[in-house]
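To convert a position in the sequence shown, counted from 1, into the numbering used here, add 35.
Hints in this document: simulated from the structure, not taken from any laboratory. Among the clues, some could well be false.
What the hints assert, rightly or not - In silico DSS-like cross-links for lysine-lysine, where the CA-CA straight-line distance does not exceed 25 Å:
1) K181 with K225
2) K225 with K338
3) K477 with K507
4) K103 with K211
5) K181 with K103
6) K313 with K55
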Amino acid sequence: MSTETKKTAPFEPTWESLRKFEAPDWFKNGKFGIWAHWGPQSVPMFGDWYARFMYVQGTDQYNYHYKKYGHPTKVGWKDIVQMWKAEKFDPDALMDLYVKAGAKFFVSQAMHHDNFDNFNSKYNRFNSVNMGPHRDIVGEFRAAAKKRGLPFGVSEHLAASFCWWAYNKGCDKTGKYAGIPYDASDPAYKDFYHDNREEMAKIDPNNPWSGGWYTENENFHKHWRDRMIDLIDKYQPEMLYSDGTLPFEQYGLEVVAHLYNTSIAANGGVNQAVYTLKESNPDRYNIGAADVERGVQKDIFPKPWQSETCIGQWFYDVRARYKSFKQVIEMLVDVVSKNGTFLLNIPQKPDGTLDDESITLLEQIGAWFQVNGEAIYDTVPWYTAIEGDLKSEEGMFNEKELAYTVRDFRFTKKGDAVYAFALAWPTDGKLAIRSFDSNRFKVEKVELLGYDGQIQFEQTSYGLILTNLPEKPPVSNANAFKVIVKE
C-alpha cells in the first residue's frame with residue numbers, strides 16, 4: 036500500500052517504535068533536491084567553517100579575518116553576523132530557478148555550527164529576525180517552496196556546535212595579542228558562544244581539525260531538543276537533516292518522534308516527513324534515511340537513502356572551483372541507480388544571489404532533466420545498478436570525477452522499462468550492454484531518450500548490441516536508453 040494512503044500510528048520516542056518508519060513517496064520518487072546551505076558564514080565569502088577557523092591562529096581564515104575585519108579579540112563572530120544583510124534575497128526567484136532545474140524538493144539550512152538561527156528562534160536571540168537580515172529566512176524559503184508544490188526540509192547543524200566552537204575560548208600563542216582571550220570569552224555573550232570551556236581539553240593545539248563532535252553536556256542536550264522542537268513546530272518540515280548521527284540518544288529520539296507525529300497530525304494520519312542522519316548501522320538508520328555526505332553507497336542500498344554534496348564549498352567561497360556539469364549529472368545517476376536521492380547545495384552569496392557559474396550549471400541540469408527526467412523520477416533500482424569497470428568509492432568524502440568509458444552504465448527501472456544510462460558515448464555508433472543477456476531477459480524495444488530516430492538492436496547471450504547510434508547524442512553526458520523488457 037502506498038505511503039500516500041497508509042495511515043501511520045503515532046510514534047513513541049523509542050528505537051523500536053521509530054524503526055517502523057517508512058520513507059514517504061515524495062522522498063522515494065523525487066530523487067533530486069536543492070539545498071540552500073546559507074547563513075552568515077557566507078559574509079566573508081571565504082568558505083566553510085569560517086566561524087571556527089577565524090579563532091585558530093595561523094589558519095587562512097584567521098589571517099583573512101585579522102586583515103579584513105580586525106583581530107578576533109576585538110572583532111568576533113558576534114560582529115560578523117550583524118554584517119549579513121541578505122539585501123537581494125528573493126526566495127521566489129530562486130525557487131523558480133530550482134524548479135526549472137528539475138528539483139522536486141527543497142531544503143533550507145536552519146542553523147549551522149555557528150549557533151545562528153535563520154528564523155525567529157524562541158531560544159536564541161542571535162537569529163536572522165532579530166539582527167542581520169531582519170528576515171525569517173527559513174519561513175520565506177518555506178513559503179516559496181510550498182507555493183510551487185515542493186516538499187520542504189530544514190537542516191540542523193546545532194548538535195555539534197558546543198564542541199565545534201570550543202576554539203573561540205582560546206587566544207593567540209604568539210604576537211601582539213598573545214595570551215589575550217578572544218571575544219568569545221566575554222560572559223555577556225556566553226549564550227551565543229556557549230559556556231563550553233570543558234570542550235577545550237579535547238583539542239589538540241597542533242591540529243585545528245581536532246576536538247569532539249557531540250558533547251556530553253546534558254544541559255546542552257536539552258537545549259538542542261528544545262530548539263529542534265521549536266523549529267519543527269514553526270515550520271512542520273517534510274525533512275529534518277542532522278549533520279551527524281542521531282544526537283544525544285533519548286533527546287534525539289524525542290525530536291524524531293515529534294517530527295513524525297507532527298506530520299501525521301497535519302496530514303490526515305499519514306507521515307510525510309523523513310529524518311536523515313549520517314549513520315551506517317541499519318539498526319540506527321532505520322529510524323529515517325541514511326545520509327552520505329559528499330559520497331555514495333557502494334551498490335543498491337536496501338532502504339531509500341540520501342547523498343548530499345555541493346558544487347563548491349558549503350558556504351560561498353570566492354576561491355572555490357565548482358564541479359563540472361558532467362560530474363554532477365554522473366553522481367546523480369549513480370546515486371539514483373542505487374536507491375538514493377541526490378541533494379545538491381548551490382552556494383548563495385551573502386546578498387542572497389547566485390553567481391553566473393551557478394546559474395549556468397542549474398540551466399544545464401534543467402536541460403538534461405527535460406530529456407532524461409523520466410529515467411530518474413519515480414524509478415526504482417533494477418536487479419543491478421552498475422555495469423562496467425569504474426565504480427565510485429563508497430563512503431563520505433569520496434566523490435571524484437571518473438573517466439568513464441563506453442563499458443560503463445547505470446540502471447533504473449519503472450514498470451516494464453529499464454533505463455540504461457551510457458556514461459560515455461561511442462565514436463563508432465555501437466554500444467554493448469551486457470546486463471541484458473538473452474538468457475535472462477527478452478528485449479522488446481529500445482529507444483534513446485531525446486532522439487527521434489530508430490535504434491537498431493540485437494540481443495544475444497553476450498548482451499544487448501546497439502548499432503546506428505547518432506554521432507551526436509541528445510545530451511552531453513549520461514544519455515538514457517529506454518529498454519522495454521519482458522522477464
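Open item on the list: Let me make sure I understand: some of the numbered hints might not hold for this structure. Which ones are they, in numerical order?
Closed with: Checked against the structure, the hints that fail are numbers 1, 2, 3 and 5, while the rest are satisfied.
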